[in-house]
Amino acid sequence: MSNKKSDTRKAKILIIEDSPAVQLLTRKLLTFNDEEDYDIVLANNGEHALNIIKESTPFDLILTDIDMPEMGGEECLKEIRSMSDPLKAKVPVIACTGNAKQRSFQEFKDMGFDDSFIKGDNYRNLMMKIQPILEKIK
Numbered sequence: 118m119s120n121k122k123s124d125t126r127k128a129k130i131l132i133i134e135d136s137p138a139v140q141l142l143t144r145k146l147l148t149f150n151d152e153e154d155y156d157i158v159l160a161n162n163g164e165h166a167l168n169i170i171k172e173s174t175p176f177d178l179i180l181t182d183i184d185m186p187e188m189g190g191e192e193c194l195k196e197i198r199s200m201s202d203p204l205k206a207k208v209p210v211i212a213c214t215g216n217a218k219q220r221s222f223q224e225f226k227d228m229g230f231d232d233s234f235i236k237g238d239n240y241r242n243l244m245m246k247i248q249p250i251l252e253k254i255k
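So the sequence shown is residues 118 to 255, counted in my numbering.
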C-alpha cells in the first residue's frame, strides 16, 4: 500500500513578507495539517524574492505582501511576470494585504495577481484559495 505523501512531491511555496510575525503565522498555518507537506521559502521583500526566484527551481505558489520596503508586491509581480522562464513567469501569485481598503479583488486581478487575501480575515479563506492551486501539482 502506498503512502500519499511519498507518492507526490512537496509543493514549493514562497512567502514574501516583511513582518517576521506574519511570516511565522503563515508558515504555521500552512503546516498546521500534518497531511500537508510543503517546501516553504521566506523572503523579506520583493528584491529578496526575485533573487530567490532567479536562483531556484520554479515555485508552485507565491504569497506576497503588497506594502514592503525595498520592493513591494505589485512591482515584484511585474518582474515575475516578465521573466523569460515561463514556469517562473506564470506561477500563481496571491496578494496578501493588511489594508482591506487599499484595492478591490478585481483591481488585484487586473494587476495580474491570481487571487487576493486580506490579512486578519479568516485564515480558512486563505487555505480555500491555496488548496485548488496546490491540488493541480499532485
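Be careful, since some hints might not be right.
[To be verified] No more than 30 angstroms apart at the CA atoms, straight line, and that leaves these computed lysine-lysine pairs for DSS-like:
#1 K171 - K145
#2 K246 - K226
#3 K129 - K246
#4 K195 - K226
#5 K253 - K236
#6 K129 - K171
#7 K253 - K205
#8 K145 - K253
#9 K205 - K226
#10 K205 - K129
#11 K205 - K145
#12 K207 - K226
#13 K205 - K127
#14 K127 - K253
#15 K171 - K236
#16 K207 - K127
#17 K205 - K236
#18 K207 - K246
#19 K145 - K195
[Said to hold, decoys possible] Label pairs and their computed distance ranges (CB to CB):
#20 N239 - A138: 17 to 25 angstroms
#21 Y155 - G215: 18 to 26 angstroms
#22 S221 - K127: 29 to 37 angstroms
#23 S173 - G229: 27 to 35 angstroms
#24 D154 - R241: 14 to 22 angstroms
#25 E187 - N216: 30 to 38 angstroms
#26 K226 - E196: 13 to 21 angstroms
#27 K195 - G215: 19 to 27 angstroms
#28 D227 - D184: 15 to 23 angstroms
#29 M200 - D227: 18 to 26 angstroms
#30 E187 - M245: 15 to 23 angstroms
#31 F149 - K195: 31 to 39 angstroms
#32 G237 - R126: 26 to 34 angstroms
#33 F149 - P249: 27 to 35 angstroms
Hints in this document: simulated from the structure, not taken from any laboratory. By construction, the Cβ of each residue, glycine as well, lies at the ideal position given by its N, Cα and C atoms.
Going through the hints against the structure:
For the hint linking K171 to K145, the alpha-carbon distance of about 26 angstroms falls within 30 angstroms, and the restraint holds. A threshold of 30 angstroms between alpha carbons decides the hint, and for K246 with K226 the separation of about 14 angstroms falls inside it, so the pair holds. With a C-alpha separation of about 16 angstroms, the suggested pair K129 and K246 falls inside the 30 angstroms cut-off, and the hint holds. For the hint linking K195 to K226, the alpha-carbon distance of about 13 angstroms falls within 30 angstroms, and the restraint holds.
Restraint check for K253 and K236: satisfied, since their Cα atoms lie roughly 25 angstroms apart, inside the 30 angstroms limit. Note on K129 and K171: the hinted pairing holds, with a Cα-Cα distance of about 14 angstroms set against a maximum of 30 angstroms. Between K253 and K205, the direct Cα distance comes to roughly 16 angstroms. Compliance with the 30 angstroms bound is thereby established for this hinted pair. Restraint check for K145 and K253: the C-alpha separation of about 22 angstroms stays at or below 30 angstroms, so the hint holds.
Restraint check for K205 and K226: satisfied, since their Cα atoms lie roughly 18 angstroms apart, inside the 30 angstroms limit. Note on K205 and K129: the hinted pairing holds, with a Cα-Cα distance of about 12 angstroms set against a maximum of 30 angstroms. With a C-alpha separation of about 25 angstroms, the suggested pairing of K205 with K145 holds against the 30 angstroms cut-off. Taking the CA atoms of K207 and K226, the gap is about 14 angstroms. The hint holds against a cut of 30 angstroms.
Under the criterion of a C-alpha separation no larger than 30 angstroms, the hint pairing K205 with K127 is consistent with the structure, at around 17 angstroms. A distance of roughly 12 angstroms separates the Cα atoms of K127 and K253; the hinted pair therefore holds under the 30 angstroms criterion. Proximity of K171 to K236 is assessed by CA-CA distance (about 27 angstroms); at most 30 angstroms being required, the pair is judged to hold. Only pairs whose Cα atoms come within 30 angstroms are accepted, and K207 paired with K127 is accepted, the gap being roughly 19 angstroms.
Annotation: proposed proximity of K205 to K236 holds, straight-line Cα distance about 25 angstroms (limit 30 angstroms). Between K207 and K246 the alpha-carbon distance is near 17 angstroms, which keeps this suggested pair within the 30 angstroms criterion. Annotation: proposed proximity of K145 to K195 holds, straight-line Cα distance about 28 angstroms (limit 30 angstroms). Against the hinted window of 17 to 25 angstroms, the Cβ-Cβ separation of N239 and A138 comes to about 18 angstroms, which satisfies the hint.
At about 23 angstroms, the CB distance of Y155 to G215 agrees with the hint of 18 to 26 angstroms. Between S221 and K127 the beta carbons are some 33 angstroms apart, a value that agrees with the proposed interval 29 to 37 angstroms. For S173 and G229, the hinted distance range of 27 to 35 angstroms is not satisfied, since their beta carbons lie about 21 angstroms from each other. Range check, D154 to R241: Cβ separation about 20 angstroms, and the 14 to 22 angstroms hint holds.
A C-beta distance of roughly 19 angstroms is found between E187 and N216, which places it outside the suggested range of 30 to 38 angstroms. At about 19 angstroms, the CB distance of K226 to E196 agrees with the hint of 13 to 21 angstroms. Between K195 and G215, the C-beta spacing of about 21 angstroms keeps the proposed range 19 to 27 angstroms intact. For D227 paired with D184, a C-beta distance near 18 angstroms keeps the hint of 15 to 23 angstroms intact.
Checked against the hint of 18 to 26 angstroms, the pair M200 and D227 passes, with Cβ atoms roughly 20 angstroms apart. A hinted range of 15 to 23 angstroms for the beta carbons of E187 and M245 is inconsistent with their spacing of about 31 angstroms. In this structure the hint that F149 and K195 lie 31 to 39 angstroms apart at CB holds, the actual value being about 32 angstroms. With their beta carbons about 32 angstroms apart, G237 and R126 fall inside the hinted range of 26 to 34 angstroms.
About 18 angstroms separates the C-beta atoms of F149 and P249, a value inconsistent with the hinted range of 27 to 35 angstroms.
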